Each structure stands twice: as structure tokens, then as C-alpha cells.
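**Q** These are the residues of each chain, in order.
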Amino acid sequence: MLSLLQQPWPWYIAGPLIGLTVPLLLILGNKTFGISSSLRHMCAAIIPSGISYFKYDWKKESWNLFFVAGIIVGGYLAGTLLSNPDPIVVNPRLAENLSGFGIYRYDGTVPADIFSWQQLFTIRGLVMIVGGGFLVGFGTRYAGGCTSGHSIMGLSTLQWPSLAATICFMAGGFFVSNLILPYILAL
Amino acid sequence: METTIIENNTDYEVRSLDAMCVNESQLQHKWYHSLKYLFTGIFFGILLVKSEVASWFRIQEMFRLQSFHMYGVIGSAVVVGAISVWLIKRFKIKTVYGEKIEFSSRKFNKGQVYGGLIFGCGWAITGACPGPLYALIGSGATVIVVMLLSAMAGTWVYGKFRNKLPH
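Protein sequences appear in the order of chains R and X.
Numbering-wise (this note's numbering), the first sequence opens with residue 1 and increments by one.
Numbering-wise (this note's numbering), the second sequence opens with residue 1 and increments by one.
Just so you know, the hints here were simulated from the structure itself, not pulled from any lab data.
Treat each hint with caution, since some may be false.
Okay, derived cross-link-like pairs now, DSS-like style, lysine-lysine, Cα gap no bigger than 30 Å in a straight line [what the hints assert, rightly or not]:
hint : chain 1 : residue 1 : chain 2 : residue 2
1    : X       : K92       : R       : K60
2    : X       : K100      : X       : K89
3    : X       : K107      : X       : K160
4    : X       : K36       : X       : K92
5    : R       : K59       : X       : K160
6    : R       : K60       : X       : K107
7    : X       : K94       : R       : K59
8    : X       : K164      : X       : K107
9    : R       : K55       : X       : K36
10   : X       : K89       : R       : K60
11   : R       : K55       : X       : K110
12   : X       : K30       : X       : K94
13   : X       : K36       : R       : K59
14   : R       : K59       : X       : K30
15   : R       : K59       : X       : K107
16   : R       : K60       : X       : K94
17   : X       : K30       : R       : K55
18   : R       : K59       : X       : K100
19   : X       : K92       : X       : K107
This one's a predicted model, so the numbers in the text were calculated from it and none came from an experiment.
Based on the provided sequences and hints, a complete structural model is requested.
**A** What follows is the structure, encoded as C-alpha cells:
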């Protein structure tokens, strides 16, 4: 049983379970599924700096911080008890492309050739870790939601602005992954 | 009872902030009531890692059309979410505290386009949306703490310059 759970979970198991998070949060306490707002609450709690966007009672939204704390614990359990002993299997075309940029390691939950403390002090690592993280935080708040808030919660409630946001997420991702990332990976 | 939303509300994950709910919940809960969200988070965090949607490689495959996996996960999640929401509305299912479940409607603004494109760029570089950031830190990739702090900085800069940005 445990060895079965340690294998990667197929999309038709994981996807519906992720979808069930939507009614679970609604029924537990009328909570709207969305993770990126936790970044706003942490700013409001730690560095509000008199900015009106961060002047609100973040404690009223503290459920969201409990939720993301749980995600960290869940990540820990998935990375230890339920850890997949084998490297991730990727499309051979992707692996061939990435080998041209010195990316060979497929063990662990992140590619260690890009995201590690050693790589943080290289130009490529710095751009991808710090620069990429900044775009994620800035973009999700500007869009008013992320993959969970717009693409799952928003689309589940048939909100067309969330469809517009999701299409833009994908457009930005297609553009960067195919046309820009090769230049960044070559740094 | 009507739920009115102030014009400048663009953050649809955070309902009770800019949204003025006339019939906002008056229930006050002790902190330990929030533990149920911690457990929901644990369940969700395990899912993010075990489904490999938190994997940088799976995100690259998605954006390069080299795998169906991510489309299958997001697509089936939306289908299950939409059916669940329909059932909640159809049968007027209440929360565990007996309250009516509320849905707020979202308005289009240009932020969803500009912000969406910017987030998409970041997603392709980091291979992580906000949920996976937390899950990856838990899984032992401690350097992702730096990425999370940078995402917080991005959020802060957005808050600082929000009034100057087109919405």
C-alpha cells in the first residue's frame, strides 16, 4: 500500500482530489480556495508600511495562513514518508533539450542543477529563484488570484474574468518557456 | 440581502477585505477552529507533490505541449470543482456551522490580463505557482524559501504601486 502511494499519482486521481478542495473549504467555513492571497496577508502582518492595500485585519483571514502552513507539512510528508524513490520520468525531448543547458539531475522535488543554495549564487540561479519568485508574487496579486484562485476556484464557479486570467497565465507561460527560458538557462 | 462589492476590489481570493458583505458571518471562533484548515492544507500539500504539479519539469512539459499530465490534473479538478459548486447551489448545502455558502461574482479588469501574463512568465521560470512554493519548502528544497520571500517582495511592490498600475 505504502509503495503504491509512493509512486507518482496519476492525473485522474490527483486532479479530482484537488477539485474536492473547493467544496471542502466552502463547507468547512465558507472559505474561497486561493493560495496567493497568503502572500498579501504575510505582507500585511509583517511589513504593511502604511500602504492602504495592506491595511486590513489580516487576522480575520488567518485561516489562509493555517492552510499554507498545512501545505508545508503536507510537502514534508510527501517528501519523506511518501517520497518517490525513483527520479521523475520526463518527456525525452525535454530531457534532451535540458541536457544542453547542463540539467541532468531528476531526483528530488526540484531540479538541483537550477534550484539549490549553490546555484543561488550564480547569475542563472539568481535570475530564476529571485527574479522568477518576484514575478509570481507581483503577477498573482495584480491578477487577483493564481492557479488555485482563478483557474480552479474561479472556473469552478464559471467566472469569465477567471477564464481570461487563466488564458493569460498560459500565454505568458508558453511565451517564456519556449522563447525566453532558453536564453535564461544559457546564462 | 445583497452583497455589494466596492469598485476597487480586484483581489477575488480575499473576500472579506474589500467586499462589504451585509450578511457577513457573525460567528466568532477560537483559534483551534482554524486547525481544520491546517489539515486541509496537509491533504492539499501531499497532493501537490505526489501529483508532481509542483515539479518544474511537469510545468515545462505543459508549456511545451510535451505531456497531457498537467492538463489532465487542472481539467479534472475544474470539472469536479464545478460539479461540487453546482451541487452546493442546487441543494443549498450549508457550512458545518449551518451558514449559507456564499459566492461572490467577479468583475473583469485589465489586471487579470497584465497580472496574468506576468504571473505566467514567473510560473514558467520557477515552475511553481504559490501553492507549490510552500509544498516544495516542506519537501526539503529549502532554497525555495528565497523564492517565497521574493514572491512576498513582489506582492509588496504591487501593493505599493497599485494605484499607478492600469486596472
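**Q** Hint by hint, say whether it matches the structure.
**A** Status of each hint after checking the structure:
For the hint pairing X/K92 with R/K60, the CA-to-CA distance comes to about 25 Å; that is within 30 Å, so the pair holds. The suggested pairing of X/K100 with X/K89 holds, with an alpha-carbon distance near 10 Å, which does not exceed 30 Å. Proposed proximity of X/K107 and X/K160 is supported: the alpha carbons are some 22 Å apart, at most 30 Å. A threshold of 30 Å between alpha carbons decides the hint, and for X/K36 with X/K92 the separation of about 22 Å falls inside it, so the pair holds.
The straight-line distance between the Cα atoms of R/K59 and X/K160 is roughly 21 Å, inside the 30 Å bound, and the hint therefore holds. In summary, the hint linking R/K60 to X/K107 is supported, as the alpha carbons are separated by about 24 Å, within the 30 Å threshold. Restraint check for X/K94 and R/K59: the C-alpha separation of about 24 Å stays at or below 30 Å, so the hint holds. For the given pair, X/K164 sits about 20 Å from X/K107 by alpha-carbon distance, which is consistent with the 30 Å threshold.
Of the supplied pair hints, the one linking R/K55 and X/K36 holds, its CA atoms being roughly 27 Å apart against a limit of 30 Å. For the given pair, X/K89 sits about 25 Å from R/K60 by alpha-carbon distance, which is consistent with the 30 Å threshold. Taken as a hint, the R/K55 and X/K110 pair is honoured in the structure, with Cα atoms around 23 Å apart against an allowance of 30 Å. Distance check on the hinted pair: X/K30 and X/K94 sit about 20 Å apart at the alpha-carbon level, within 30 Å; holds.
Restraint check for X/K36 and R/K59: satisfied, since their Cα atoms lie roughly 16 Å apart, inside the 30 Å limit. Using a Cα cut-off of 30 Å, the hinted pair R/K59 and X/K30 holds, with the two alpha carbons roughly 12 Å apart. Using a Cα cut-off of 30 Å, the hinted pair R/K59 and X/K107 holds, with the two alpha carbons roughly 26 Å apart. A C-alpha spacing of about 21 Å is found between R/K60 and X/K94, which places the hinted pair at or below 30 Å, so the restraint holds.
Between X/K30 and R/K55 the alpha-carbon distance is near 23 Å, which keeps this suggested pair within the 30 Å criterion. At roughly 22 Å between alpha-carbon atoms, R/K59 and X/K100 fall within 30 Å of each other, so this suggested pair holds. Distance hint between X/K92 and X/K107 is fulfilled; the C-alpha atoms sit about 24 Å from each other, no more than 30 Å.
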